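> Sequence:
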Amino acid sequence: MQTLSSFVFLLFVIITRAVKDNSDPGYVILKFMERFQANLKEPINLSEELICNCSYSGCGEEITRFLGSNYTGLCRSTSGICHKRLLPDRLVILSCLSKDASPDLHCRAKQPMNDGSIMQCCQNYSFCNGALNLNAMNNYNLVRYKSYIFINIIYLF
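For the sequence shown, the positions run -18 to -1, 1 to 139 when mature numbering (1 follows the signal peptide of the UniProt record, and there is no 0) is used.
Bear in mind the hints are in silico, worked out from the structure with no lab data behind them. In this text the structure is predicted, and so the values were computed from the model without any measurement. Misleading hints may appear alongside valid ones.
Straight line, CA to CA, 20 Å or less: simulated SDA-like cross-link-like pairs of lysine to any residue [as the list claims (entries may be wrong)]: (1) 13 to 116; (2) 92 to 107; (3) 13 to 29; (4) 81 to 40; (5) 81 to 116; (6) 23 to 12; (7) 23 to 70; (8) 92 to 54; (9) 23 to 5; (10) 81 to 103; (11) 13 to 92; (12) 81 to 44; (13) 81 to 5; (14) 23 to 92; (15) 81 to 115; (16) 92 to 103; (17) 23 to 41; (18) 13 to 50; (19) 23 to 48; (20) 81 to 22.
Simulated DEER-style distance windows between Cβ atoms [as the list claims (entries may be wrong)]: (21) 14 to 72: 32 to 42 Å; (22) 98 to 19: 35 to 45 Å; (23) 71 to 28: 23 to 33 Å; (24) 91 to 29: 20 to 30 Å; (25) 70 to 18: 38 to 48 Å; (26) 27 to 50: 15 to 25 Å; (27) 50 to 30: 22 to 32 Å; (28) 29 to 73: 14 to 24 Å; (29) 96 to 49: 16 to 26 Å; (30) 93 to 18: 31 to 41 Å; (31) 20 to 87: 24 to 34 Å; (32) 74 to 24: 25 to 35 Å; (33) 113 to 10: 33 to 43 Å; (34) 49 to 98: 28 to 38 Å.
Note that CB positions come from ideal geometry on N, CA and C, so glycine has one too.
Model the full assembly from the supplied sequences, consistent with the hints where possible.
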């Protein structure tokens, strides 16, 4: 009986790894980087981490150091969370959240944020932040903001 349960558990682990490998495109990058564990800031945790798109200077240094400049614009999320932020001037920032960052602080912040920017997080698969659509959210907030200004102008007169 013990042998059967061990076999079932081993089979489950193998199938889970195969599904993870096939369904997450960033898994291959993480698996390759795992070879360089000794040179990484933090060891790779394949069950938690994701590869995200990033759009600011120097955001993907760890990946480009091992994989080359063809992989610029990618970062390693040690928390397993990617995010996308739309600034009031329509500039888009893509990035990773590290384990040190507080996901609740970033991902559950009231939208729009105090500076007028909008942010969304995702953690379902690598590169998920590239697919987040903040324009619909921004248009809704823009209409609310314009209505607020219009009401205040009417109130002043």
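> Check the structure against each numbered hint from earlier and tell me which ones fail, lowest number first.
Hints 1, 2, 5, 7, 8, 9, 11, 13, 14, 15, 23, 28, 29, 33 contradicted; others consistent.
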